[in-house]
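2 protein chains.
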Amino acid sequence: MKALEERILRDGKVLPGNILNVNTFLNHQIDSCFMMEMGEEIARLFEEDKPTKILTIEASGIAIGFAAAAVMKLPLIFAKKNKTSNVDSDVYCSVVHSYTHNKDYTAVISKEILSKEDRVLIVDDFLANGCALRGLIQIVEQAGAAVAGCATAIEKGYQGGGDALRREGVKVESLAIVESMEDGKVTFRM
Amino acid sequence: MKALEERILRDGKVLPGNILNVNTFLNHQIDSCFMMEMGEEIARLFEEDKPTKILTIEASGIAIGFAAAAVMKLPLIFAKKNKTSNVDSDVYCSVVHSYTHNKDYTAVISKEILSKEDRVLIVDDFLANGCALRGLIQIVEQAGAAVAGCATAIEKGYQGGGDALRREGVKVESLAIVESMEDGKVTFRM
Chain A
1 MKALEERILR DGKVLPGNIL NVNTFLNHQI DSCFMMEMGE EIARLFEEDK
51 PTKILTIEAS GIAIGFAAAA VMKLPLIFAK KNKTSNVDSD VYCSVVHSYT
101 HNKDYTAVIS KEILSKEDRV LIVDDFLANG CALRGLIQIV EQAGAAVAGC
151 ATAIEKGYQG GGDALRREGV KVESLAIVES MEDGKVTFRM
Chain B
1 MKALEERILR DGKVLPGNIL NVNTFLNHQI DSCFMMEMGE EIARLFEEDK
51 PTKILTIEAS GIAIGFAAAA VMKLPLIFAK KNKTSNVDSD VYCSVVHSYT
101 HNKDYTAVIS KEILSKEDRV LIVDDFLANG CALRGLIQIV EQAGAAVAGC
151 ATAIEKGYQG GGDALRREGV KVESLAIVES MEDGKVTFRM
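Chains as they are written, first to last, in this note's numbering: chain A, 1 to 190; chain B, 1 to 190.
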């Protein structure tokens, strides 16, 4: 999505530790009009896959997940992050390792809101090593539901998580794929 | 908002500990079409107050905040919850006591995304004792910005947080005000 690449170049900041800060428009302050455009692009990319629900994870996935859900007129589910693995029998859950914070958390959703009839489009703001998406895929599989695909705003292509999922046959679409951030300069996959 | 009251009566569950569970449509699974209708109602209620930004707090405030922001074509800011009060000088922050979890957290936003020229509409999913809204009001005041008002989906009227803010002159609008949940029966303020 050309408009997202241009916005990253204009307003994104490359910080030490290979962090791309997009706090002014994507995940702290959110440009709601631009986010709705991203929702429309996700809807276009996954229309043919006929999802019945959108699944994301708190907190920064909620806005982009909701934008896609609003355009596609689908329910949005957001998984909650638990610090403990002490969860009850009424939930689906999976352990996710966060490289950003170097700790594990448990992604949890209530069983009552996902069923085996569902086709689930998983949406998140960032895709790096793919751990969060894999955790959400596990939850969809626990429910016996189908994965319609994965959509993310910004993929760090050089971390390989997206390509690994694609090789396994998962449809993964990212609106911008960053190929490198060397010397503070962002370059995108052609 | 009559439609929200009807939805609470149909799909809400009163749980032990005076908890109103609306997980199937408002804050775990989100009915995106209905949430956009709530965003339209918030926009109607606060149009005359001319907000320039919407402010909410992660995680369950993000969807309703985004819906209002998308309708009003305004940026949405969501405050982050820190467990520590160890925050740097580039942020505005306030300590909030959560009665639900019986602990304190620090609500934090980056200084770069809020300025004294802003008129801020604060949006959240629930209003009970008003601690979260007061924390967000403090943050707006730290920035030297103006509070345009507070909008919430569901107010627990009997906990008094909303009325206390109204007595102090803050414009507070809730789309449904629960007056009691005795014996598992929800009744609304007339």
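Keep in mind the hints are simulated off the structure, nothing from the lab.
One or more of the hints may lead you astray.
Where chains are identical, the list cannot tell them apart; a pair therefore holds if satisfied intra-copy or between any two copies.
Stated by the list, open to error - Restricting the straight-line Cα-Cα distance to at most 27 Å, the calculated cross-link-like pairs of lysine-lysine (DSSO-like) are: (1) K81 - K2; (2) K73 - K83; (3) K83 - K185; (4) K80 - K103; (5) K116 - K2; (6) K116 - K13; (7) K2 - K73; (8) K83 - K50.
The hints, checked one at a time:
1. K81 - K2: neither (32 Å within a copy, 33 Å between copies)
2. K73 - K83: neither (32 Å within a copy, 35 Å between copies)
3. K83 - K185: neither (35 Å within a copy, 33 Å between copies)
4. K80 - K103: both (16 Å within a copy, 18 Å between copies)
5. K116 - K2: Close neither inside one copy (36 Å) nor across copies (33 Å); limit 27 Å.
6. K116 - K13: For K116 and K13, only the inter-copy Cα distance (24 Å) is at most 27 Å; the intra-copy one is 42 Å.
7. K2 - K73: both (25 Å within a copy, 21 Å between copies)
8. K83 - K50: neither (33 Å within a copy, 40 Å between copies)
Checked against the numbered hints above, the structure violates hints 1, 2, 3, 5, 8; every other hint is satisfied.
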